[in-house]
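Sequential numbering of the sequence shown, starting at 1, is according to full-length UniProt numbering.
Read the hints as simulated data drawn from the structure, not as lab findings. C-beta atoms are modelled at their ideal positions from N, C-alpha and C, and glycine is treated no differently.
Label-pair distances were calculated between CB atoms; the ranges are:
hint	residue 1	residue 2	range
1	R100	E122	31 to 37 Å
2	G39	D86	53 to 59 Å
3	E122	V90	27 to 33 Å
4	T168	A128	53 to 59 Å
5	P12	K125	56 to 62 Å
6	Q78	P12	26 to 32 Å
7	D19	Q78	34 to 40 Å
8	G87	Q118	21 to 27 Å
With a straight-line cut-off of 30 Å between C-alpha atoms, the simulated DSBU-like cross-links for lysine-lysine are:
hint	residue 1	residue 2
9	K45	K25
10	K45	K3
11	K175	K153
12	K159	K180
13	K159	K187
14	K25	K3
15	K21	K3
16	K161	K187
17	K45	K21
18	K153	K180
19	K159	K175
20	K153	K187
21	K180	K161
22	K175	K161
23	K187	K175
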Amino acid sequence: MSKNNIWYLAGPFHRYTEDVKSLAKERGLRIVDANATAGREDAAKDVPDVTVRPELNISGVDSSGAVHSAHGDLAAVQALVDSLADGQLVKPESGETANRLFGLLTNIHSGVQGLRDQLESETEKSRALQHQVDDLLAQAAQARLAGDQGEAKEVADLKAKLDAANVTYRANASKESLQKQVDELSKA
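Build the full structure now, drawing on both the sequences and the hints.
Here it is, written out as structure tokens:
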């Protein structure tokens, strides 16, 4: 790095009409914020001329009136935010921004309320369907129990027939094998 290559320039750098970073790069300079440093050692002698952007002026409006209007609008927005924090959305008395914000918040509230209603409806449907599922499961369990009891009665009847005919059978014989033995008795 050569000596005297520092360009002391008051920041922020976006306030200049020129692109100060590219100007510095073209000339091999390093920019240092003049507001942040007290000394000016190694300051470059040949630095580009730059201009500060003009302040934003609202044409035809007194700047104090614009500031007063902005403060009123800000106060209306603050009142709207405070009412929302208290749990109620109160329409502001004045302020274009506050009224637009009120409209947006009202639309959001309506959308959320619609979603809440839809959620309640779907929850009720879910409860009804769960009740139907529980009823069907209970009916299936009763049908299984009745089927098991019916089969046990048939097995007991088959065993009684075989006992009456003094035919031996396995104690854990299946219904089909017992039925086969009873059918053989009928043939004999």
